[in-house]
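K.L.:
Chains as they are written, first to last, in our numbering: chain E, 1 to 340; chain Y, 1001 to 1340.
Since the hints were made in silico from the structure, they are not lab data. There could be a bad hint or two in this list.
Stated by the list, open to error - Below, a list of computed lysine-lysine pairs in the BS3-like style, where the Cα atoms sit at most 25 Å apart:
(1) K1316(Y) to K4(E)
(2) K336(E) to K1300(Y)
(3) K1300(Y) to K49(E)
(4) K187(E) to K140(E)
(5) K1336(Y) to K1300(Y)
(6) K316(E) to K1300(Y)
(7) K140(E) to K1336(Y)
To be verified - Pairwise CB distance ranges, derived in the manner of DEER restraints:
(8) K1324(Y) to P29(E): 49 to 55 Å
(9) L37(E) to L1037(Y): 24 to 30 Å
(10) S19(E) to E1146(Y): 26 to 32 Å
(11) E146(E) to R1058(Y): 28 to 34 Å
(12) E1276(Y) to E247(E): 37 to 43 Å
(13) P29(E) to G1015(Y): 54 to 60 Å
(14) E1139(Y) to E321(E): 57 to 63 Å
(15) E1146(Y) to M328(E): 30 to 36 Å
(16) E1033(Y) to S196(E): 46 to 52 Å
(17) E1159(Y) to M328(E): 45 to 51 Å
(18) S1219(Y) to V334(E): 42 to 48 Å
No experiment lies behind these values; they were computed from the predicted model shown. Backbone N, C-alpha and C define an ideal beta-carbon position, used for all residues, glycine too.
2 protein chains.
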Amino acid sequence: MKSKPTSFDIAFRAGVSQSTVSRALRNSPLVNEETRLKVQAIARELNYKVDKNASNLRSQQSSTLALLLFEDPTNDDSLINPFFLSMLGSITKACSDKGYDLLVSFQQMNDDWHAEFEDSNKADGIILLGYGDFVDYEEKLIQLIEQDTRFVRWGAEVESLPIVSIGCDNFHGGYQLTEHVIMNGRKHFAFLGEASSHAPEFFDRYKGHCKALTDNQLSVNQACQIDAISTEDSGYKAALALIESGEPFDAIFGASDLIAIGAMRALQDNGYQVPEQVAVIGFDDIPMASFTFPSLTTAKQNTKLAGELLVDSLIKLIQGEPVKTTLMPTNLIVRKSCGS
Amino acid sequence: MKSKPTSFDIAFRAGVSQSTVSRALRNSPLVNEETRLKVQAIARELNYKVDKNASNLRSQQSSTLALLLFEDPTNDDSLINPFFLSMLGSITKACSDKGYDLLVSFQQMNDDWHAEFEDSNKADGIILLGYGDFVDYEEKLIQLIEQDTRFVRWGAEVESLPIVSIGCDNFHGGYQLTEHVIMNGRKHFAFLGEASSHAPEFFDRYKGHCKALTDNQLSVNQACQIDAISTEDSGYKAALALIESGEPFDAIFGASDLIAIGAMRALQDNGYQVPEQVAVIGFDDIPMASFTFPSLTTAKQNTKLAGELLVDSLIKLIQGEPVKTTLMPTNLIVRKSCGS
DNA sequence: CTGAAAGCGCTTACAG
DNA sequence: CTGAAAGCGCTTACAG
């Protein structure tokens, strides 16, 4: 491996000083057009690239963002939630559009977790995606704030903390989905997913769901809210528990598509017809939602826009501009699983 | 934002020299146990983190790998091939297991493409995933070799170049799938996907497919090989073209799951029963393959193992150890779309 | 518009 | 085992 050329090599060949090379390569207006062109030509010829470690060290910024993806440690380690995978895709694209590099890391929530990336100057800021239990997570967030780390997160607004969150309007999404199914004549709903402060997004969906019920003179059956995390397996088990409970139901709201898909399978394995006997709805609109049988009615979270908003917000934060928590609307996607 | 502590701050507080701090933090055996503990305690207290830009600059290595994901520019820009998304997930995990950071970048093949990452010392090596047309891509690979860039790629072996490729045994996978469908009594196959040196992986699958046909005394109908790129849409159109061609067929081999899924939809939209009239098989085993109706018989590429192999191989390459091109076996996953 | 010089925060010979 | 010093390759005041 031949050693890489430095700005001094360029300077020598161009017959100018190294400072001028540095300026020319960054298109500084301070440098003469002719000089600039000559320097750039030589740089291209030698296949010279600025050493990012040196320039970052000197200028104290890295043009790099870090994405920390937390997975629920209880989840089987081979699979990543497809919703997060879509987010990852859109964040990656948004970063390259903005000229930032993206450092990606998977974390377990139980890891010793100190926002290494920003502290070690590898990234200018951090995007947080996912978490296990929100109550545990919140402590970490407080640490980040104390360390003055610049970060944005995907999720529901955290009213108690000065944090920039980008998320969907889970309440309204839950309301809209439920209302749609009510219009189709269903009366006895079950909700599969944790509905507590440990999972604020699910909780908001549940609150919207309940509001739609009471607005339509239907009652909420507490016994039909069964905890589940966002995996197919967990949805399957929750639906099984629902069936065994003996409670009557003609509609299931899965707090996420994965839960809904698992629930649908549990229903079918136990002889229930979907949607004839039981309507099923999910949340997220992951790619496979359109391929299930029957295809899944759900609330679409726009991952493309979400990725762009996360990246834009973080860059503004880094540049010291004010940034606000944003709530994006969801789209009701009507397919076959709810009987209309 | 309070300014970050440096190794000099630690040195001052610990009453030792900055060199000693540097050694202590990297657990150098040269430093006294007691000194080391004291230094580390102070570092923790001040929440000190080594500045990566400085240490990388000095030590000339970054403990960072770059993943370049190329997408077919003809593809709709909102979607990333789910197969690559799985690979991305497993590569990310493999990197963190090995203590490397991962820089992720999406590229368009038509971009000015110079392996910036390694040249600018941001990454020690590069993983290449995907490409548009192999013939164009090959030129880029030659450039990389000329620049002595350390990289590994996902894909079929390139015999003509000294490149480390990690890929699946596409030939055998294609053979096995085809043989399975032949055993179920199908005789007239169509192959949807480009089968030429522009797409070596698809070509290998096609060759395995053809070999299985001739080994079983069936003939290959050239008119039934129709080009398609790895998208649902392209598969849909290719199947339409097949239908319009008037050629007889009772089985379709989609060169990827996405193609097969598109083809299945085209068949169903045109009144064909899958698998009763036409058996359909795919390749990859992307997550949605098990959710299609009917569920898709396919050859599974083990993305978890693939990610680990890519990362391990690249790290060995960086460390100057010999690395060989590896072919991983595929797994035949029999589901409902092939009628057995 | 250009150059000489300082310095970003580390790691690593070198000397003791 | 420890410290003083050099230097990684840039960017950026400062002076002209």
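K.L.:
If a hint holds in the structure, say so; if it doesn't, say that too.
P.N.:
Verification of the hints:
no. : hint                            : in the structure
1   : K1316(Y) to K4(E)               : holds (21 Å)
2   : K336(E) to K1300(Y)             : violated (29 Å)
3   : K1300(Y) to K49(E)              : violated (40 Å)
4   : K187(E) to K140(E)              : violated (41 Å)
5   : K1336(Y) to K1300(Y)            : holds (15 Å)
6   : K316(E) to K1300(Y)             : violated (43 Å)
7   : K140(E) to K1336(Y)             : violated (46 Å)
8   : K1324(Y) to P29(E): 49 to 55 Å  : holds (52 Å)
9   : L37(E) to L1037(Y): 24 to 30 Å  : violated (57 Å)
10  : S19(E) to E1146(Y): 26 to 32 Å  : holds (31 Å)
11  : E146(E) to R1058(Y): 28 to 34 Å : holds (30 Å)
12  : E1276(Y) to E247(E): 37 to 43 Å : holds (40 Å)
13  : P29(E) to G1015(Y): 54 to 60 Å  : violated (49 Å)
14  : E1139(Y) to E321(E): 57 to 63 Å : violated (42 Å)
15  : E1146(Y) to M328(E): 30 to 36 Å : violated (46 Å)
16  : E1033(Y) to S196(E): 46 to 52 Å : holds (47 Å)
17  : E1159(Y) to M328(E): 45 to 51 Å : holds (50 Å)
18  : S1219(Y) to V334(E): 42 to 48 Å : holds (47 Å)
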